[in-house]
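Peer 1: What follows is each chain in one-letter form.
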Amino acid sequence: MPKRLLHIALLCILSFTMLGAGSPSTRFDALGHMLVCQCGCGQILLECNHVGCPVSPVMIDELRAELTTGLPDSGVLNWFAVKYGPIVLAAPLRSGFGLVAWIVPFAVLLIGIGAVVFVLRLWRRRQIRAGLAAPSIPPQLTDPALRDRIRRETNYDSQ
Amino acid sequence: MLHPMPSFGSFALLLALALCVYTLFSGAVSLRALATGRQLAVPADNLRETSRRAGIASFIAVTCAAFALVWAAFTNDFSVAYILHHSNRDLSTFYKFAALWSGQEGSLLLWAWLLSAYGFVMRVRDKADVTLHAYASTILSAIQIFFLLLLVFAATPFSIAPGPLHADGFGLNPLLQYAEMLIHPPMLYLGYVGFSVPFAFGLGALMMRYPGEKWIHITRRWTMVAWLFLTCGICLGMHWAYAVLGWGGYWGWDPVENASLMPWLVGTAFLHSVMMQEKRGMMKVWNVWLIFITFMLTILGTLLTRAGLVQSVHAFAQSSIGDWFYAFLIIVFAVCLFTFFHQRDHLRAENHLESLVSRESSFLFNNLVLLTACFTILWGTLFPILSEYVQGSKVTMGAPFYNRVAVPIGMFLIFLTVIGPLLAWRSTSLRSIRRNFLLPCSAILATAVALMLAGVRPWNEAGSSTGQIYSLVCFSLAAGVITAIFSEFLRGAAVIHRQTSRNLLSSAILLTRRNTRRYGGYIIHFGIVVLFIGVAGSAFNQSRELEMSFGDSIQIGSWKLVCQSYSEDSNPNYDTDYALLDVYHGNKKVTQLTPERRFYNASQESETRVAIHSTLARDLYVVFEGRNPETDKPIIKVFLNPLVNWIWIGVGIVIFGTAIALVPPLKPGSSSSRTGDVVAEDPQVLHA
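These protein sequence lines map, in sequence, to chains W and V. In terms of the working numbering, the first sequence opens at residue 2 and continues consecutively. In terms of the working numbering, the second sequence opens at residue 84 and continues consecutively.
If you're looking for bench data, these hints aren't it; they were derived computationally from the structure. What you are looking at is a predicted structure, and each value in this text was computed from that prediction instead of being measured. Certain hints may be false.
Claimed, not checked - Some chain W residues near chain V, calculated using beta-carbon distances under 10 Å:
| hint | residue |
| --- | --- |
| 1 | Leu68 |
| 2 | Val77 |
| 3 | Pro106 |
What the hints assert, rightly or not - Covered by chain V, per the in silico footprint, the following chain W stretches (three or more residues, Cβ under 8 Å):
| hint | stretch |
| --- | --- |
| 4 | 33 to 44 |
| 5 | 56 to 67 |
Ideal Cβ positions, reconstructed from N, Cα and C, are used throughout, including at glycine.
Next up, chain W with everything else stripped away, as it sits in the complex (with noise of 0.2 Å):
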């Protein structure tokens, strides 16, 4: 029964979160949100507020104008790139050296995990071969050296 419930809570789920699905997306506005505009400002390329920006339309302009050729969006953002160099690109294609850019925060957090796994294994060995496990019998909680032991360890008196 849980099961089954279960997979019609999937069902569910599955179902909503398809509807809609596949619907075009606005390029121009994804695109100009991943430039930088140049006037100095650094802020992204749609959002630059600055009245009387010398460069911001030039830009979208030119973003406009590259979206009727055909490009994919790594072409577009590379003939940015080539053109201003890649410091108009919010953040570092995903390739190339850029890639590392990318690549390493994941890898500290998936070697991180993979450090703490190990350790807490090697703890838990430990345990079990000092003969430490806890007893699988409750203690008697009138016992009050006990007792104190487990209000500190249960974070009880915190003070």
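Add chain V to chain W, keeping to what the hints say.
Peer 2: Quick look at chain V alone, frame taken from chain W:
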């Protein structure tokens, strides 16, 4: 020409430096003598006491220096170069006070003053453990010497402006002329500087091979207070960016923002991890390094801000004092490393983990995620330098990078916030997992389905949006955390209710008073989750920009803004251009907004003043961007930002939770807590 106040300030700094040098050397000599039993010409205890008193006196000297600078600002003493560059006659009184931290030299003086103030409080309250406090005092004076050396030799706040005396100053940076700027930098600095104290205690405890974990008890409040100030400082900065910069957001992943977030993340990891040492004598090496790293990150953050190492919008405090910070950072690291290797056998753990499914392992993962988040931000901040070194060209690490990389890590953190508090210390049984997790998991599932039914779907008419997927996950996990927290309160309160017949609310209050730290911690988690909900709302931001003449209107979502008029105003400090916009929701007029654009006479710079109509559901955020140079028509940009108020409410809850966690719990013997003692024996509460 005589300059009495600047001379007084300079002399006070020199005196403070001399006092700190004495504090350091007399402290070090006396502590060494006490540790080795060596006899000195003066009894070691007396020498240690003189060291403490010199430290206290240094606070008075630095206070005099800070007073001299503030006095110079208030009296328009433009003979002082710093005042000339950061103030002017027509600047309002409040902002003249803010001149203290509006530039390089002043902010370093503020740092030194706060450090001496923390040192003063620590030295006065040294009864808990005189020797440990003496170690911490000595270490703190070494840090203070660095800042005073900077102020005396590299960034002197009292240098006299060359040439003839100026009639008026160049004015304060317009970005800083905002009410929050009166408290944001001091709060941030209180946070940064505050971490020096637990660092000094941690290093001192390691140096003296302090027995037991009492130093953690002593420093817990210091750490929490520093963490709270840093939290407030960061959030005030977010609010300032939101209300002043006029780009519709509150966090731009600017290197200076990142620099403040990094010590906050590691400090948060320390606050969690230190509980394992306190309760179980575990993770000693880890904790010592966490507090070392937190302190070093506060210095690194200052280095990034001031050395011009990375490009930032916070350019108002950049200078060439980077080399001093490099040297200091290297010395601090070397001292930490040397002390660690010298005393590492003292950090042997008393216990090890007993089960993979336990509160301890959840803390380990929590630490891992917080440190990975910190590393990611550091990596993103420094990658442009690395790229320039490797490829010869700089790259930009903007919001798209952090949103892609840091947001999933943040989601993982909320996930851990769901499960962590539900696991018991030492080991959690399968039965307990089933019982504790059923409700939060159901809440997660129900929220996800309800939100998708309400139209918050990962795919919508405009196509797929990663931001909206994250938002959906964030809202759902937040529901799980909130359910878990409330069920924890309810479970404990229900036990008290059963045994004492109090109502549930007063039972929950008693429960919290009985264990302020634990339940204060839950309230902090609740606040953080509310903050995350507010941040997740940004995936649904909308904006529109229009040149608006009289009577023109702009529609955004279900809101309509109609331009009523434009006007101008003027005062000695700035001229203002502002728009009067009527705001309609449907056909009903809700309010009138007046976004401004100011032109500051002294600095010849212009800045926006955003107008915000704020509700719990959304902010209507209006910016007067200026006038189109070709048509002279005013340009209005409107943002509809959902759930922003949740961020500020979340911060308020975090502050409330931290305040509760700082309050001492009811003593087991006190009359109010006697019922709590009964509760403590209840296995259900003990188990949690």
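Peer 1: Against each hint, give a clear statement of whether it holds in the structure.
Peer 2: Outcome of the hint check:
For W:Leu68, the interface hint is violated, since its Cβ never comes within 10 Å of a Cβ in chain V; the closest pair sits about 15 Å apart. Checking W:Val77 against chain V by beta carbon gives a least distance of about 15 Å; that is not within 10 Å, so the hint is violated. With a least beta-carbon distance of about 4 Å to chain V, the hint placing W:Pro106 at the interface is held under the 10 Å criterion. Only residues whose C-beta sits within less than 8 Å of a C-beta in chain V count toward coverage, and the stretch 33 to 44 of chain W has 5 of them, enough to reach three; the restraint holds.
Only residues whose C-beta sits within less than 8 Å of a C-beta in chain V count toward coverage, and the stretch 56 to 67 of chain W has 0 of them, not enough to reach three; the restraint is violated.
This entry does not satisfy hints 1, 2 and 5, going by the numbered hints stated previously.
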